[in-house]
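Undergrad: Sequence:
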Amino acid sequence: MSAAGSRPVIEVAVVQAGQTPADGDVALDELIALFEQAAEGADLVVFPELCTTPYFCGVVNDSRKAWAQPVPGPATARFAAAAKRLGTAVAFGLYEDAGDAQYNSAVLIDADGTLVHGTDVHGEQVASYRKTSIPTNAISDVDEKHYFAAGSGPVVFDALGTRFGMLICYDRSFPEYWLASRAAGAEVMLVLVSSMGFRETLFTQELQVRALETQTWIVAPNRGGEETVDGKTVSYFGRSSVVSPRGDLVVSAPAHQAGPIIRATIDVGEVAAARHDFPLGRDRQPGVFRYLADAHAPAAVPA
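Taking this note's numbering, the leading residue of the sequence shown gets 23, the next gets one more, and so forth.
The set of hints was computed from the structure by calculation and includes no laboratory data. The model shown is predicted, which means the values in this text are computed figures rather than measured ones. Among these hints, one or two may not hold up.
With a straight-line Cα cutoff of 30 Å, these simulated BS3-like cross-link-like pairs (lysine-lysine) come out [said to hold, decoys possible]:
1. K87 / K167
2. K106 / K167
3. K254 / K87
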């Protein structure tokens, strides 16, 4: 990691993991091998949503709940040991067992192997970001509500000289989560995805719009390639991307492939420059957001 002026320049590698085996030990072996490959010349390596397991939410099967693990736990321990050995930070998604509930979560481990704790919307220190909005819909044929409780909202993590926000897959559909992360000081958004289906054609454009609106860097790894779970085969569309604070698509991975690694240089100083040149934060009217809160009161929301 270098510095441009007083702000860091971060070399990031994005792993488009996929075709994950159901055997957890084998899956972790493969992920650590990808981490080792991606870490060469990188300050930070980022993996997709739920990368330690196949994406299993297209089928209701209660035996899959045994795949959940605590944070910290076996997966974080393996990644932490590798991060310390490689001198490279890593973020990845996993199925978290918190005892009283299970979550679709993401964690950040620093280059010294430390599990980075973030700050949630209540000012509390937390070990993971937990997906805020949990989808169940016919369009994508998923039922995540069967497996996951909802998280409480945005979390920001301080590492590598900057502040990271995190979102997971469906969360990206809600502009207010992005803006809340920016309001909490996020300069780089890590958006971990396992997407298939109809949103493929707009995937990178959605990210570009969100980057322009929030004036943050966006690092978005998506799962890639075909996976078969309980007899159901799905192709995840990949197209993992890095987008600049001005909305420029810096790099994008191939579609429907498991394993590509893309790289980008993130100059965090560009965040302040983008916000200076196009001062959305100055001109935003935060009072408008109360209408969103009022409209979302239970009596006002249609089924």
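Undergrad: Evaluate each hint against the coordinates.
TA: To see whether the hints hold, each was checked on the structure:
1. For a cut-off of 30 Å, the pair hint linking K87 to K167 stands: about 12 Å separates their Cα positions.
2. For the proposed pair K106 and K167, the alpha carbon gap of about 35 Å is over 30 Å, so the pair is violated.
3. For the suggested pair K254 and K87, the alpha carbons sit about 18 Å apart, so the restraint of at most 30 Å is met.
Comparing the model with each earlier hint shows a violation of hint 2 alone; every other hint is respected.
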